[in-house]
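*Asks:* Starting from the structure of chain A, add chains B, C, D, E, F, G and H with the ligands where the hints point.
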Amino acid sequence: MERHRLVFSGSGGQGIITAAVILAEAAVLYENLIAVQTQSYGAEARGGATRSDVIISDSAIYFPKVNQPNVLICLSQEAYNKFSPIIRPGGLLITDTRYVKTHRKVDARQRELPMYQTVMEKIGKPIVFNICMLGALIGLTDFVKSGSVKKVLKTRIPSDFLEINEKALDLGMKLGNAYK
Amino acid sequence: MERHRLVFSGSGGQGIITAAVILAEAAVLYENLIAVQTQSYGAEARGGATRSDVIISDSAIYFPKVNQPNVLICLSQEAYNKFSPIIRPGGLLITDTRYVKTHRKVDARQRELPMYQTVMEKIGKPIVFNICMLGALIGLTDFVKSGSVKKVLKTRIPSDFLEINEKALDLGMKLGNAYK
Amino acid sequence: MNENLKFIQGNEVCVEAALYTGLDFFAGYPITPSTEIMEHMAKRLPKIGGKFLQMEDEIASLCAIIGASLTGHKVMTATSGPGFSLMQEALGYAIVAEIPCVIVNVQRGGSSTGIPTHVGQGDVMQARWGTHGDHAIIVMTASNHQDVFAITVDAFNLAETYRTPVILLFDEVVGHMRERIFIPKKGEIPLVERLRASVKRGVDFHPYLPREDGRLPISDFGGVNRHNVTGLAHDMWGFPSDNPQVVHGLIRHLVDKIQNNTHKIAKYKEYYLQDARTILISYGSAARSALHVVENRRSRGEKLGLLELQTLWPFPYYLVQEKCADAKYVVVVEMNMGQILQAVKVSVDRPERVFLANRIDGVFITPTDIRNILRLIEGKGV
Amino acid sequence: MNENLKFIQGNEVCVEAALYTGLDFFAGYPITPSTEIMEHMAKRLPKIGGKFLQMEDEIASLCAIIGASLTGHKVMTATSGPGFSLMQEALGYAIVAEIPCVIVNVQRGGSSTGIPTHVGQGDVMQARWGTHGDHAIIVMTASNHQDVFAITVDAFNLAETYRTPVILLFDEVVGHMRERIFIPKKGEIPLVERLRASVKRGVDFHPYLPREDGRLPISDFGGVNRHNVTGLAHDMWGFPSDNPQVVHGLIRHLVDKIQNNTHKIAKYKEYYLQDARTILISYGSAARSALHVVENRRSRGEKLGLLELQTLWPFPYYLVQEKCADAKYVVVVEMNMGQILQAVKVSVDRPERVFLANRIDGVFITPTDIRNILRLIEGKGV
Amino acid sequence: MEEPKLKELVINRDWCKGCGICVHFCPKKVLELDDNEKAFAKRPEDCICCKLCEFRCPDLAIEIISSRGTARRAPTKGLLL
Amino acid sequence: MEEPKLKELVINRDWCKGCGICVHFCPKKVLELDDNEKAFAKRPEDCICCKLCEFRCPDLAIEIISSRGTARRAPTKGLLL
Amino acid sequence: MAIRDYIRERFFPHIWCPGCGHGMVLNGLLRAIEKIGLDKNEIVMVSGIGCSARIAGYVDFHTMHTIHGRALAFATGIKMSRPELKLIVPMGDGDALAIGGNHFIHAARRNMDMTAIVMNNRVYGMTGGQYSPLSGYGTMSTTSPYSNIDHAFDVVELSVAAGASFVGRTTTYHAKQMADILGQAIIHKGFSVVEIMSQCPTCFGRQNRLGSAIDMLEHFKENTTPIGSKAKQKNPDLIERGIFVQKKMPEYCSEYEKIIERAMVTVHHRDRRGHREYN
Amino acid sequence: MAIRDYIRERFFPHIWCPGCGHGMVLNGLLRAIEKIGLDKNEIVMVSGIGCSARIAGYVDFHTMHTIHGRALAFATGIKMSRPELKLIVPMGDGDALAIGGNHFIHAARRNMDMTAIVMNNRVYGMTGGQYSPLSGYGTMSTTSPYSNIDHAFDVVELSVAAGASFVGRTTTYHAKQMADILGQAIIHKGFSVVEIMSQCPTCFGRQNRLGSAIDMLEHFKENTTPIGSKAKQKNPDLIERGIFVQKKMPEYCSEYEKIIERAMVTVHHRDRRGHREYN
Ligand SMILES: Cc1ncc(C[n+]2csc(CCOP(=O)(O)OP(=O)(O)O)c2C)c(N)n1
Ligand SMILES: Cc1ncc(C[n+]2csc(CCOP(=O)(O)OP(=O)(O)O)c2C)c(N)n1
Ligand code: SF4
Ligand code: SF4
Ligand code: SF4
Ligand code: SF4
Ligand code: SF4
Ligand code: SF4
Ligand SMILES: [Mg+2]
Ligand SMILES: [Mg+2]
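Chains as they are written, first to last, in numbering that gives the first Met the number 0: chain A, 0 to 179; chain B, 0 to 179; chain C, 0 to 381; chain D, 0 to 381; chain E, 0 to 80; chain F, 0 to 80; chain G, 0 to 278; chain H, 0 to 278.
One chain only, chain A, in its complex shape:
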C-alpha cells in the first residue's frame, strides 16, 4: 500500500482534529492498517491555523509528522494561506467554498467543495461540517472505507447525534464523488 500523508487544517472549533482522528481510527481499528495522528496546538485563537497530521500505511511509521502531504484539506483562509505551499506535487487539495478563496495554482488536484453550504442547507447544523468534510475526502479518495468511519462514529457520537453525523458523512461522500 502506498503511504498516505494527510494534513487537515482550519481554525479552532471546526472539528479538524476530530475528523483526522476518526479517519485514522477507522483505518487502524477496522482496516488493519497502521496510522499515526498528531496535531499542533496553537497558542493563539486568532489566526491560529489548527493543523492535524495523519499518516496511514501498512508498514511501521516512525516519524509521525507530515512534511509534504499528498492530501491537504484547508477549511479556513489562514490555513490555506499557510499550508497550501507544502502540498506534494500531484497531491490532492480540498478547500471549502464558504471559507477559502483559493488564489494560486498548485501542482495538485484542487477541489473546491461547497461542504459548509451543503451541510447548512441539508442539515442546518454547522457542528457536522467536519464529518461532511470527511465524507468528501472518502468520496474523493478510497484508502478508508466509509463503513469503517461509520463504525467509529457509532462509538464516539452520542446516539441522539449519530443520525445527523451519518447523514453529513453521506452528503460529503456524494459531494466527493461528484467532484472526483
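Quick caveat, the hints were computed from the structure, so don't treat them as lab data.
Ideal Cβ placement from N, Cα and C applies to all residues, glycine included.
Possibly wrong hints are sitting among the right ones.
Unchecked claim - Here are some of the chain D residues that sit facing chain B, going by a computed Cβ distance under 10 Å:
| id | residue |
| --- | --- |
| 1 | Leu4 |
| 2 | Phe6 |
| 3 | Thr116 |
| 4 | His117 |
| 5 | Glu171 |
| 6 | Val172 |
| 7 | His175 |
| 8 | Leu190 |
| 9 | Arg296 |
| 10 | Leu375 |
To be verified - If you want the ones that stay clear, here's a sample from chain G, every Cβ over 10 Å from chain D, calculated:
| id | residue |
| --- | --- |
| 11 | Arg69 |
| 12 | Asp236 |
| 13 | Ile238 |
*Replies:* Then chains B, C, D, E, F, G and H with the ligands, alone, in the frame of chain A:
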C-alpha cells in the same frame, strides 16, 4: 603563641555559646589574635549537650573544629559524661559543682568550681552564670585579658545589665585565681 | 475488531497501563501537555471504584499520592516542567521515606513557561538532580505507544521493587500523538506487587531494614504494624536520628539500592548495532526520527545503528560503553542542549567521537535534521 | 580596635557584603542554617532605609525579590535545601526573564528534611539543574569569611553583568562559624551597577537585545521605557513568541552568555600547585580541612597542592584540566557523594587518577579523614 | 445638558470577532452582524449613544463618537475624526 | 458518688522537666519542686484528685491514681498498682 | 487619553475566544484607569498564567506575565520596593485561588496597597476546561465528568476573612459597575479585591450547556443583584454585587516607613533568638 | 486504655522545652482519643515540620512527619484512599498558615473528614523565633526587631470562610475544654479545625517579655472567655473560646462514593474539552 583549643559544653539555656563567642571576640578584636568559633546545634532540647568550640591562635586556622581540647568546660552532667573523654592529656577540665559530679580521673588539671553557687549567693541572678564561668577560665588561664572581655561585654550587653555581668566576671576570676 | 486494539494518545496509553498494574489512586493538577492523563483518570477511575483527586497545586498532588501509597495503593501523578519544578521538595521526601509512586512528566519546550504546546526534552537532568541533597532516582521513557504501555507498567514494578518514586519522562509528541496499541491481556506482563511486612501484631517491625534480597517490606497505614514515616534522617524503625553511622547507612542505602541494580533496571532497545559504524543514541519521541533515518540508510546499505534508551537514570554507562566500543561515530539525538550527551561522553572511550544532533526550538526533530548533521559529522558539509 | 574588624558568623558576613554592594531589598522565609541571614537583614535594612520582607514561603520570597529587582534594586533571598527546592520554578523564571538577583543556599545535610543542623554539600548538582529545561546558571562558593565577603560582592556583580540570577552555595559550617573579617572600605572592591537603557521616552526599546559588548541594558519599572517581562519564550521586546528561530535564539543566548564567559566568571584559589604530585580539589568549608592537610604535609616536604574552586558553575573544565595536567593523583574533597567529582573526571585526561575524599553523614570532614583516604589512595592501607 | 448625538460608530473589523454581544444588548437594536460575522451599524440613526456596546465589546472593537463623547484621540484639541 | 481519694500520686522523674506548671496551678498547693527541679507531692493528704496537674503537665509526667480514677494500665481488670 | 492609548495595539486582535469575558474585563479596567487619569508610567500590571493572565501583554504599562499563581508575590516585591507605583494584579480563578490561594490570603492579610482582580470564569480556561476552586458543586468539567463535588470558595468571604480592606464583586455584564468598582479599588489605599464573574463560553459554557457568551451574560444579569437588595431577600440564591468592604486600615508600606524611623534610632545589643535551630 | 498506651514511651522525655505548650496539646489530645476509645490502628496522625510537628513521633498510631506546610495534602491522600481511618493533623501556626495556608483553605473547602489542629504559639519555634502569620501586630521576634507590622489571621474566621464545617478554639490552660473540643472535632464528620493557643516560653515568651510558661498560661486564662460571654461584651479584646461552627455538610469521601455509583452507569462519548491547550 601556643594554639588554644577550647570546648565549652553544657545544656541549652546556660549561655555556653555566648560565653565562647565573647571570649573569642575579645581575642580577635582587642588582642590582635586569630580565633574561630563553631557550635553544634542539637536537635533535641533534652539531653542535648550544647557544645561550642573555640580555637585561638596567632596564625591562620583552617580546620575550625576541636578534636581534643586542651581546655574543656562542662556545665552539665550530660556534657561532662559525653565530653570528658576527649580532653587532651595535660589539659584543663573545669566543671561546676552544682551541676556536675565528676566520676573519673582524667589526665588533666581538674577544677571543680562552685561557680553557680557563687553567682546565686553574690548576685542572685542565674543569667550571669556563663560570664562567671568565663571569669573563672580567665582566672585559671591567661591567654585572654579580662580587660578585653570587659570591652566586649560593653558592646554586647544592654547598659542596665552591664554591671552584674562585670561583677560576675570578677567573681569568676577570683574563683579561678583561688583554684589555680 | 480486536477488543484490545486501540487508537489513542500516548497520555491515554499511560493511563491504561497504570490501570493495568492495579493503580487505583491518582491526584494531579492540570498542565499542558500532560493534562489528558488526569482527564482520562477522572473518567476511568470512578468507573472501577478508584479515587481521583484534583488538588490545589502540583506539590499537593504529589503529597496526596504519597499519602495514598502509604495505605497500600498504587498511585501516580502527572505534570509537565513547571509543575515538576514545584514537586521537587515532595519528591525528595518520597525518595528518603522510600514511598513507591510514579510521577509522569510529559515534557514541553523551554525552561520557565517556555513554549508550552511544543515539544522538548529539557528536563532530563532535572529529573536526576532536581531535589536537594544526594539521592538516586529511576527515570524511564519510551518512544511509541506499545512501549509507553510496557514502560509504564515497568515503572510501577520498579517503584514496588525498590520502594522508590519512579519518574516517567515522556514528551509532548509521545503524549499527544495517537497511534495504535494492543492493550496486553491481564497476566501478559508480570506485575510486582507491594511487599508487605509479615510480622504479627506487637512484633518489632523495621520498616527500613532491607531483607536478605534487598527488598524492604512495608506495612500499610491502617494495618497492625504502626510505624513512623519521616523525611529526617532516620533509623531502621523510621525514627529520626542524626547519629552519623545511621545517617551514612541511610544515604548509602538510598543510592546503592538503585545504582547497584542498574543492570536490572536499565531497559533499552537496539537496532542494527552489530556492525554499525555510526551509532545513534536516542530516546523518547526523538528516537522515532532517529529510527527513521537508520531504517532509511540501512535500506541503502549504510552501516547505521540505533541504541534507544528507555532507562535514563540510573544511566547505563556500562551498556553505552559496550555497545559503542567499535563505532566510529556516536551521535546523540535529543531535543535539548545535550543532556544525555554528557552521560554518553562519560561512558565511552574517546569521547571526541561523540556528537550531538539536536533541536531546541520546540520543533520536532526531523529525519532531515539528523541527516544534515550526519553529513556534517562525516565531513561532507551541508 | 580596627573599626572594620569584626568577629561574626559567615551568614552575617554575607549580609554585610550584600549591603556593601548597595543591596536594599531582601525577602525570605526562615530555615536552618540560613536563618541568621534574614535575621540580620531584618535588623540592618530598616536602619539604612532598605526594605525587608518576610514572605509566606520560599517561592514567594524569590518572586518578591524578582519583582523588586525590576524596579531597579539589588536584591537577595536566602534559604537552605528544602526551601531551595521550592524555589525552582521561580528560579527558572528569573533565568528566562533575565532578572539580576542573588539566591543564597546555606546547605545542610541530607536530602529531604535530612539532618537540618548538620553540614553537607549535597546541593551542587541541584543548583545547576534544579529547574526544568535547558539553562545555564552561575554558582559561587567560599570557605572563609574574607572570601565569603568577596564572593558575595562578586555574585552581585555577576548578576548585574550577565542579567541573571546567581546562586551563592554556602554550607552550615561557613554560615554558622565565627571568625574575623575585615570589612573592606567603600570603593575597595569595584561594584558593577545596573546597566540602564538610555533610550528616550517613546523610542523603541529592546529589553532583550544584547549590546555590542554582550550586556543587556534594562529599564526600571516606573521609568519611561515600559516593557513586558514573561517566562514564555519571547522576542527582543519581551513579548511571547513561539517562532522557532526566536526560541532557538533565546535559548542559545541564555546559555551562551554564561557558558562562553566561563573564563571571566570562574574564580578560584590555588595553593602549591606548581610542583604538586597530589592535587586536592575542594570548595566551601571542606576546603578548610583540605588546606589544613596541604599545609601540614608541605611542612613535611610532601608535594601536595590545593585547587579551591569558588565558581562551581559554569564549571571551569579548562582550568581543572590545565592545573591537574601533571598530577599523579587528583583527590576531590567534598561533603557529598561526588557531585563535583564527576565534573573533575570529565575535565582531566586519565580520569582513573581522580579520587574522592568525602563524608555524607553530617559530620564535618576532618583533616584526619582526608589523610586516611590519601593513605589508601597511595596504596599504604589504613 | 444636550442629548448626545452620534457622530460616528466606528467598528474595527480586524478586531471584531463576531460574538454578537453588542448586537444583542444594544437597547435600540442599532447593530447587526454581517455575512462575515462582523458587527456593523444597521440603524445608526436609532443610536442613543449609551455606549453600552463600546463598554461591553470584549475585543475593544467598537467606538461611539458622539457630540458629547470622547473622540478617538486628543479630543481636547477639538479634532473631529 | 463518693469523693475520690488519692491512692498514689506518681511523678515520673525522668520525664519531669521542672516547669512548675503543676505546682503553680494545683488548687490545693499539694505539689512542689525539689532541689533537682523535679515535682513532688509535698502535701499529698490535701489532694482532691481534681487531676488538673495530670491534665496540664506538658511532659505527661504526673499521674493521679485515685479510688475512682484510672489506674496506670488495664484498670478494668481490677489491678491496683 | 482614550483607552486605545493604554493598549499595545500591535498585539490586537487579542488571543481570547469570541465572546470571552476576559476582554470585557480589559475593557472595563481601561475605562476605570482612564477615568482616574493615571499615567502609564505609574502603573504596573502583574499577572500569572492563564487566559486571564494574557491581559498583561495588551496594556501599555509596565507589565509582567509571571508564573502560575504567584502574581501577588511578585507584585508585593514591586510595590514594597517602589511604593509610589500603582499595582494592578489580574488573575484567573485558578491562578488566584487554586495554586495561588496562599499568596492571595497573605497579600490580603498584609494590606499592601494593590488591586487584585479575580477574573472568575469558574474554570481553567487555558488548559481546556478543568474545574477550579470557584466552579462549584455540581458543575461539569473535563476533570469532573460525573459532576463536581468540590465546594467553591466565596471569594468575597475569603478575602474579608483574610483581611482585605476593600472587597467588591460584579460581572462582565455590568460593564459600568465594573469600571466603577475597579476605579474605587484602584484608588483605595490598601489591598483591594475585585471579583469579576467572567464568561468562558469555550470551556465552562460548553460543558455546562450554558449556551453562547450572550446567554451567559444574560445569566449574570438574572442571577445577581445589588448588595442588600429586596430581590436577594426573596431569592437567597442570587449573588450579590457591589462593594462589600471598604475600610481604612494601616497600609503596609506606610507602616514600614515607621519601622524605618524606629530602626534609625534603635541600638541593639544581644540576640533575642530562642535556642531552637532546626529543620 | 490509659493514655500511656497511646504513646511511644521509649522516645520520652520528649524534645520540647520545659513548660512548652505543645506537650499540653499532646496531653489533651490523648485524653480526647482515650475518651472516644479509638483503636490505635484506626488513627493516622500526619504532621509537617516544626516543634509542633514532632508530636507525631510520640504517639503510637500510624504516623507521618512530612514536609513543612504540606501535612494536610498528605492527609488528604490517606483519607481519600482509606476513608475508614481517622485523620488527625496537628500543625504549628507557621506550618498551617504561613507556608501551608493554601492546603489549609483548600482542605477546609473540600470538607474531607479530618481534624486539623493549629498549635498556635504565634512564632516559628523550631527555627528560633521569627514572627508567624499569627504573631500579630506589634509583637517582637527575631525578624521583627522593631516590632511586627504584619496583621494576624484570625484562624477561626479564615477557617469558616474557607468552608470548614467544625471550628473551635481554646488554649492549653483550658485543659479540659481542650480535650472536650478535640474530642468533638474528631467525632465530627467533615473537616474540623481546632486552634489551640499554646505557649512557647523559649521564643515567643522571651522576646515579648511574657515571663515563664506559667505566666503565659495565666495570660491565656485572663485574656480569653467563652463564646458569647458577658465579659466579652465589656472587653471586646478578649479572645473567645469554644466551638464556633459545627454543621452538617456533605463529606467529601461520601460524596465521592456517589460519583463512583454515577460513573459505573455513565457511558461517555466525545471529549467535552475546550479548545485551549496551553501554558
Ligand atoms: C505550575 C503550573 N501548573 C500548571 C500550569 C498549567 N496552567 C496554565 S493556566 C492554568 C489555569 C488557568 O485557569 P485560570 O487561572 O482560572 O485562568 P483562565 O485561563 O480560566 O483565565 C493552568 C492549570 C502552569 N502553567 N504552571
Ligand atoms: C520548606 C521549608 N522551609 C522552611 C523550613 C524551616 N522551618 C522549620 S519549622 C519552621 C516553622 C516552625 O514554626 P511553626 O510551624 O509555628 O511550629 P513551631 O515550631 O512554632 O511549633 C520553619 C520555618 C523547612 N523545614 N522547610
Ligand atoms: S461585541 Fe465587539 S467583537 Fe462582539 S460582535 Fe460586537 S464589535 Fe464584534
Ligand atoms: S451606543 Fe448604545 S444605542 Fe448606540 S449602538 Fe451602542 S449600545 Fe446601541
Ligand atoms: S508540670 Fe510536669 S514537667 Fe512540669 S513540673 Fe510538674 S510534673 Fe514536672
Ligand atoms: S489532682 Fe488536683 S489537687 Fe491533687 S495534686 Fe493534682 S492538681 Fe493538686
Ligand atoms: S478558553 Fe475561555 S477563558 Fe480562555 S479565551 Fe477562550 S473563552 Fe476566554
Ligand atoms: S522552642 Fe518553643 S515551641 Fe519549640 S519546644 Fe521550645 S517552647 Fe516549645
Ligand atoms: Mg478561570
Ligand atoms: Mg509556631
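*Asks:* Check each numbered hint against the structure and report the violated ones by number, ascending.
*Replies:* 8, 9, 10 and 11
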